[in-house]
Structure formats: C-alpha cells, structure tokens
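J.: Sequence:
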Amino acid sequence: MNEHFDFDTQSPAAVRAAIRSGAYNGFTNLMARGHVQGNLMIVPAAHADDFAAYCALNPQALPVLGRSRIGSAQIPEIAADLDLRTDVGGYMVFRDGELVETRRDINALWRDDLVAFVLGCSFSFEAVLQRHGVRLRHLDEGQVSAMYVTDVATRPAGRFGGPLVVSMRALRAADAIRAITVSQHYPMFHGAPVHLGTPSLIGIQDLSQSYGGHGLTQLHDDELPVFWACGATAQLAAHQARLPLCITHHKAHMVVTDLPVDAVAANLPSHKESRP
Numbered sequence: 190m191n192e193h194f195d196f197d198t199q200s201p202a203a204v205r206a207a208i209r210s211g212a213y214n215g216f217t218n219l220m221a222r223g224h225v226q227g228n229l230m231i232v233p234a235a236h237a238d239d240f241a242a243y244c245a246l247n248p249q250a251l252p253v254l255g256r257s258r259i260g261s262a263q264i265p266e267i268a269a270d271l272d273l274r275t276d277v278g279g280y281m282v283f284r285d286g287e288l289v290e291t292r293r294d295i296n297a298l299w300r301d302d303l304v305a306f307v308l309g310c311s312f313s314f315e316a317v318l319q320r321h322g323v324r325l326r327h328l329d330e331g332q333v334s335a336m337y338v339t340d341v342a343t344r345p346a347g348r349f350g351g352p353l354v355v356s357m358r359a360l361r362a363a364d365a366i367r368a369i370t371v372s373q374h375y376p377m378f379h380g381a382p383v384h385l386g387t388p389s390l391i392g393i394q395d396l397s398q399s400y401g402g403h404g405l406t407q408l409h410d411d412e413l414p415v416f417w418a419c420g421a422t423a424q425l426a427a428h429q430a431r432l433p434l435c436i437t438h439h440k441a442h443m444v445v446t447d448l449p450v451d452a453v454a455a456n457l458p459s460h461k462e463s464r465p
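Going by this note's numbering, the first residue of the sequence shown is number 190, and it counts up by one from there.
In case anyone wonders, no lab produced these hints; they're calculated from the structure. Please note: incorrect hints may appear among the correct ones.
As the list claims (entries may be wrong) - Simulated restraints on C-beta separations:
1) Leu408 <-> Val289: 30 to 40 Å
2) Pro449 <-> Gly215: 15 to 25 Å
3) Gln319 <-> His409: 11 to 21 Å
Just so you know, even glycine gets a beta-carbon here, dropped at the ideal spot from N, CA and C.
Between the sequences and the hints, there should be enough to build the whole structure, so can you do that?
T.: Put into structure tokens, the structure is as follows:
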C-alpha cells in the first residue's frame, strides 16, 4: 500500500498530516492499521454532559476514547498533534438536527463553547480479525463495512436518543464464530456483535439500502451478515436532539489516533477527558 503514497500510510502522525494538508482525502480504514481510529462528535458545551451520559448508557455503540476541554480542538491523551478542525478527511455539519453541509475542515465553524468526543470504531479491530484469520471480503474488494439503521432503541439521556446504528460484515460461518470470539475482547471498539443472521429481526428490510451509502451490501450464498453496534448511532442522536450545531465525521473518514490497538484492547477506561 505504501508505494501508492508519498507518506507512511501506517504512521498515524503521517496520515493526519496528509489529511491536514489535503494530500490524502480517502477513507481511513486501511490507514495506520495498528492504531485506534474513532468516530467524532462535537457538541456545544451546554449539551456535552448529556451526550456523555448518553454514551455511558449505550457503551457498546458509543465507547468514549477521549473528550476535549471546552473550546479545545485537541485531545492530547489520544494524539499529541491532533487538530480536530483539520485532521478528519470529511465532516458533516448538523443544524437544528438537519444535515446542512459536508466540509473538508471546520476551521471556520469552530467556537469557544464546543466540546469534542472521540468514540470507538470497529475499523480498529478489523486488522485484529484479519490477524486471526478472519476473511473480510469488503476489504478484499476495496470497500468499507456497510451501516444500517435498526429498530432497536437506544437508552436516552437529555435530548439524545434514537435508534441503534450497526455496521455489517459478510462472513462465512467459521469466520463469524471466530470474529465473535475475538471482538468480544475489544469493548472499546464495540465488542461482540449485537446480531447475526436474519436482518429483519433488527428492523433491516433491505441490505442494499445502507445508511450513508458505500459499503459492501451483497451476500454470497455461504455468508452470514454479522452486525456490530456502530458509532454512527451518535449521528441519529444528533438528529433527534436538534442541537443548534453538531459536527460529526463523514462516513469512513475517522479520527486517527496514536493509541496502539493491542495496548488499548480491554484496558482503556471508558472515559478520558483532556485536562489543562
């Protein structure tokens, strides 16, 4: 993979620098694979504690890797040089609960009352699954995992609530068993699947209609759909909360941290907040 780029694709600092400069604006699922990636959620400080409470009530979908100080776009505990205004390849901007634009950076939108959360992402354990011999066909085919909105309700907190969003990987039966065994040891990356098999049992009627587009949506005859809780749940919670401003990452453009996947595994606390 490195031969296609003029930066070290497995160095999180180099990946962030490439995104920041505009040299790279693609998906991050194959970048810095030994390091943790995260979902981004930025809310006004007046709603930050309610969002933190929402995460605590729904830890499988929304495990908190880091929380910024008010007005800070940095979380040094997860990456020393991280700037959350520029280092994510795509941002979605919600106003009053509606998606109004996508942007390459949010410098012009940053305010002194914003608080950023970085939440665990299943990209972080895909390399681990592959090391354990699990075939991930979507990666073989240059895709990302598809996401779906379920009819499973999350536990609300304040103005935040709504349905659970899941990511799906099409796995052969033996790989599905192995994936369950491995992923349960990674609670900060959503842990074990929430469902496998018949999608309609969790309210998904058509696998070809994925949330946000993109992603592998076709099953082979020897494959099962396996569903993990997904950090995109926060985006639907933002829609329901109808905050005056909320900013999230765009699909598959994740926050790339310096945290090693293997070191985090089951040991990172469920909440880390940046301190002065």
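J.: Take the hints in turn and mark each one as holding or not.
T.: How the hints compare with the structure:
1. Leu408 <-> Val289: 30 to 40 Å: holds, 35 Å
2. Pro449 <-> Gly215: 15 to 25 Å: Holds, at about 23 Å.
3. Gln319 <-> His409: 11 to 21 Å: This hint holds: roughly 18 Å between Cβ atoms.
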